[in-house]
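Chains as they are written, first to last, in the working numbering: chain B, 1 to 272; chain X, 1 to 328.
It is worth saying that the hints were derived from the structure and are not from the lab.
Don't take each hint at face value.
Unchecked claim - The calculated lysine-lysine pairs, modelled on BS3-like cross-linking and capped at a C-alpha distance of 25 Å, are:
id: 1; chain 1: B; residue 1: Lys174; chain 2: X; residue 2: Lys34
id: 2; chain 1: B; residue 1: Lys15; chain 2: B; residue 2: Lys188
id: 3; chain 1: X; residue 1: Lys34; chain 2: B; residue 2: Lys163
id: 4; chain 1: B; residue 1: Lys88; chain 2: B; residue 2: Lys37
id: 5; chain 1: B; residue 1: Lys151; chain 2: B; residue 2: Lys125
id: 6; chain 1: B; residue 1: Lys37; chain 2: B; residue 2: Lys83
id: 7; chain 1: X; residue 1: Lys143; chain 2: B; residue 2: Lys88
id: 8; chain 1: B; residue 1: Lys24; chain 2: B; residue 2: Lys37
id: 9; chain 1: B; residue 1: Lys83; chain 2: B; residue 2: Lys163
Unchecked claim - Take a look, some chain B residues computed to stay more than 12 Å from chain X by CB distance:
id: 10; residue: Arg14
id: 11; residue: Glu22
id: 12; residue: Asp38
id: 13; residue: Asn55
id: 14; residue: Lys83
id: 15; residue: Phe210
id: 16; residue: Asp254
Stated by the list, open to error - So the derived list for chain B, only partly shown, Cβ under 10 Å to chain X, looks like this:
id: 17; residue: Ser67
id: 18; residue: Val92
id: 19; residue: Gly136
id: 20; residue: Glu142
Quick caveat: nothing in here was measured; it's all calculated off a predicted structure.
Ideal placement from N, C-alpha and C gives every residue a C-beta, glycine not left out.
What follows is each chain in one-letter form.
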Amino acid sequence: MLDATEGYTTADGRKIGGVVMEMKNITLRFGGVVAIKDISFDIREGEIRAIIGPNGAGKSSMLNVISGFYIPQEGEVWFRGEKRPPVKPYEVARQGIARTFQNIALFEGMTVLDNVMTGRLTQMKAPIWAQAFWKGQAEREEVENREIAEKVIDFLEIQHIRKTPVSRLPYGLKKRVELARALAAEPKLLLLDEPMAGMNVEEKEDMSRFILDVNDEFGTTIALIEHDMGVVMDLSDRVVVMDYGKKIGDGTPDEVRNNQEVIDAYLGVAHD
Amino acid sequence: MPDQLIYAMEVTLNGLMAGVLYALVALGFVLIFKASGIFNYAQGVMALFAAMTLVGIMNGQVPFSHLINAIFGTHIHYFGWQVPALLAILLTVVVMVILAWMVQQFIMRHLVGQEPIILFMATIGLAYLLEGVADLMWGSEIKTLDVGLPQGINLWIDETTYGIFGYGFFIDNLDIVATIIAALLVAGLVAFAQFTKQGRAMRAVADDHQAALSVGISLNFIWVLVWSVAGFVALVAGIMWGTKSGVQFSLSLIALKALPVLMLGGFTSIPGAIVGGLIIGVGEKLFEFALGPALGGATENWFAYVLALIFLVFRPQGLFGEKIIERV
Ligand SMILES: Nc1ncnc2c1ncn2[C@@H]1O[C@H](COP(=O)(O)OP(=O)(O)O)[C@@H](O)[C@H]1O
Ligand SMILES: [Mg+2]
Numbered sequence: 001m002l003d004a005t006e007g008y009t010t011a012d013g014r015k016i017g018g019v020v021m022e023m024k025n026i027t028l029r030f031g032g033v034v035a036i037k038d039i040s041f042d043i044r045e046g047e048i049r050a051i052i053g054p055n056g057a058g059k060s061s062m063l064n065v066i067s068g069f070y071i072p073q074e075g076e077v078w079f080r081g082e083k084r085p086p087v088k089p090y091e092v093a094r095q096g097i098a099r100t101f102q103n104i105a106l107f108e109g110m111t112v113l114d115n116v117m118t119g120r121l122t123q124m125k126a127p128i129w130a131q132a133f134w135k136g137q138a139e140r141e142e143v144e145n146r147e148i149a150e151k152v153i154d155f156l157e158i159q160h161i162r163k164t165p166v167s168r169l170p171y172g173l174k175k176r177v178e179l180a181r182a183l184a185a186e187p188k189l190l191l192l193d194e195p196m197a198g199m200n201v202e203e204k205e206d207m208s209r210f211i212l213d214v215n216d217e218f219g220t221t222i223a224l225i226e227h228d229m230g231v232v233m234d235l236s237d238r239v240v241v242m243d244y245g246k247k248i249g250d251g252t253p254d255e256v257r258n259n260q261e262v263i264d265a266y267l268g269v270a271h272d
Numbered sequence: 001m002p003d004q005l006i007y008a009m010e011v012t013l014n015g016l017m018a019g020v021l022y023a024l025v026a027l028g029f030v031l032i033f034k035a036s037g038i039f040n041y042a043q044g045v046m047a048l049f050a051a052m053t054l055v056g057i058m059n060g061q062v063p064f065s066h067l068i069n070a071i072f073g074t075h076i077h078y079f080g081w082q083v084p085a086l087l088a089i090l091l092t093v094v095v096m097v098i099l100a101w102m103v104q105q106f107i108m109r110h111l112v113g114q115e116p117i118i119l120f121m122a123t124i125g126l127a128y129l130l131e132g133v134a135d136l137m138w139g140s141e142i143k144t145l146d147v148g149l150p151q152g153i154n155l156w157i158d159e160t161t162y163g164i165f166g167y168g169f170f171i172d173n174l175d176i177v178a179t180i181i182a183a184l185l186v187a188g189l190v191a192f193a194q195f196t197k198q199g200r201a202m203r204a205v206a207d208d209h210q211a212a213l214s215v216g217i218s219l220n221f222i223w224v225l226v227w228s229v230a231g232f233v234a235l236v237a238g239i240m241w242g243t244k245s246g247v248q249f250s251l252s253l254i255a256l257k258a259l260p261v262l263m264l265g266g267f268t269s270i271p272g273a274i275v276g277g278l279i280i281g282v283g284e285k286l287f288e289f290a291l292g293p294a295l296g297g298a299t300e301n302w303f304a305y306v307l308a309l310i311f312l313v314f315r316p317q318g319l320f321g322e323k324i325i326e327r328v
């Protein structure tokens with residue numbers, strides 16, 4: 001645990017640790033549009049943290065700030081007890097933060113297995129000449145990476161499509177492959193942007209189960225975005241609610257559910 | 001066997017060898033285009049630059065000597081040493097990597113996310129800049145390049161075919177060596193792309209930038225790598241062509257021969273570049289052989305382009321490219 005602050009115990013008895021990621025007074029603008037307005041919140045070790053809000057609330061923008069795709073104009077990002085300088089997305093990935101995208105970003109021309117293997121790229125350290133001759137460290141690494149990739153594939157129940165080119169897969173399976181690629185990196189923090197969007201009920205149930213299992217079996221800290229409030233409530237330990245770039249609620253699902261501002265936002269009460 | 005058929009076989013073989021060179025140049029285009037969406041007009045000039053640098057290093061020429069002499073009133077031109085071919089090739093590779101880094105650092109990095117036409121214009125600028133720099137560094141006179149590759153008629157083929165057909169084929173040793181080296185180069189590139197971390201990252205970037213970033217790949221690094229590999233391919237093409245016809249400005253025009261190859265093979269397909277190159281190489285030689293006399297000769301000047309045009313009309317995505325279906 002990297003932060004001195006105490007954790008907490010969830011309703012179902014899981015131990016949640018100290019703060020892994022802390023956003024302090026983040027403001028992000030696109031020209032005149034303020035996508036995020038002075039938002040602060042933290043993510044704790046081992047928890048499933050949700051960010052919810054109506055479309056256009058700024059949820060994806062927030063995830064992009066965490067993963068380094070967007071650099072906020074104001075505010076600080078603290079990761080594992082250290083203030084993070086402005087970094088590139090690939091550096092964030094190398095620090096152990098993996099992500100999926102709202103609109104799926106897979107390597108369409110590669111097979112499922114190759115896609116998952118790219119998740120291991122950050123873990124490959126052998127120099128190029130060793131790789132060329134398939135010797136020592138390179139060989140060990142490749143074997144180990146392959147094992148981890150296969151384990152993730154088994155875990156997400158996509159063995160039957162291992163060798164299928166991703167471009168041929170239906171939407172729901174693509175979402176799952178994208179999750180597999182992120183998991184293959186063995187991330188400390190996993191960011192999921194609407195992992196269940198556009199899925200049918202059965203697919204949504206599967207995905208919920210996988211998210212819970214990942215958190216449970218590997219202890220992975222997960223931050224996920226959803227715009228459908230119902231789905232999130234059963235899944236997450238704590239919820240940030242955004243609306244028009246502002247944070248309007250933060251707490252356990254029950255707390256958030258009973259927050260008047262949140263209810264208004266979701267019922268579409270006119271903003272003044 | 002009728003004589004015409006035997007001649008046609010010889011022409012086909014020679015065409016295959018010429019096609020290998022077209023394929024090599026086209027390969028340089030495909031590499032950069034796949035990874036960054038940039039159509040690199042400067043690929044031909046890169047071959048010229050690489051060949052000039054190689055000759056310059058081998059002869060112990062002082063780079064920028066005209067410039068240095070003009071500024072300081074000195075009269076230096078040569079260091080007075082000769083560099084062995086292999087070492088000179090290695091040094092030229094280093095120069096091409098530095099060039100790749102500079103292109104990325106000072107030009108392409110600032111144009112990320114721009115329209116393809118703007119990237120294309122930038123490479124036109126780069127082509128002329130590089131040509132100027134090459135002249136400034138090494139002087140603009142025609143140079144001969146000899147890295148010790150065998151040249152002249154291959155006697156074994158000549159005698160063997162004479163034994164079989166009663167007519168000896170004329171195949172140049174240089175063409176045979178070029179074919180073998182090109183084949184090794186392609187095999188090496190494929191192995192690199194398939195089995196190394198850097199190669200996988202290269203394929204990933206070629207496929208999807210966002211996704212590549214999310215798995216920890218630095219686009220900047222990959223683009224430097226890709227320009228380096230393209231620079232290396234340009235060097236190999238430059239050596240072959242330069243050995244054959246001397247190192248001079250016309251070498252940069254081989255890029256124009258790569259265009260029809262790309263239209264045939266598709267801009268994103270490595271097998272396409274190879275097959276396209278061979279088809280054009282064989283096609284233009286056979287066409288000239290069969291119909292050249294009737295059409296007034298010199299059909300090699302236009303055959304490739306007309307073939308590419310016909311191809312464009314019927315299969316715009318090329319031989320190996322994926323079919324583009326407009327979503328409506
Ligand atoms: N790259 C961008 N350029 C310009 N505007 C953007 C960009 N990304 C997001 N926005 C704007 O920021 C606001 C929040 O968008 P987003 O974060 O995608 O919301 P959500 O994910 O909650 O639906 C929207 O008004 C959107 O148009
Ligand atoms: Mg979104």
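Status of the hints after comparison with the structure:
no.: 1; hint: B/Lys174 - X/Lys34; result: holds (23 Å)
no.: 2; hint: B/Lys15 - B/Lys188; result: holds (16 Å)
no.: 3; hint: X/Lys34 - B/Lys163; result: holds (23 Å)
no.: 4; hint: B/Lys88 - B/Lys37; result: holds (22 Å)
no.: 5; hint: B/Lys151 - B/Lys125; result: holds (21 Å)
no.: 6; hint: B/Lys37 - B/Lys83; result: holds (20 Å)
no.: 7; hint: X/Lys143 - B/Lys88; result: violated (46 Å)
no.: 8; hint: B/Lys24 - B/Lys37; result: holds (11 Å)
no.: 9; hint: B/Lys83 - B/Lys163; result: violated (42 Å)
no.: 10; hint: Arg14; result: holds (27 Å)
no.: 11; hint: Glu22; result: holds (22 Å)
no.: 12; hint: Asp38; result: holds (27 Å)
no.: 13; hint: Asn55; result: holds (20 Å)
no.: 14; hint: Lys83; result: holds (21 Å)
no.: 15; hint: Phe210; result: holds (19 Å)
no.: 16; hint: Asp254; result: holds (33 Å)
no.: 17; hint: Ser67; result: holds (7 Å)
no.: 18; hint: Val92; result: holds (8 Å)
no.: 19; hint: Gly136; result: violated (15 Å)
no.: 20; hint: Glu142; result: holds (9 Å)
Going down the numbered hints, you'll see the structure goes against 7, 9, 19, while the others check out.
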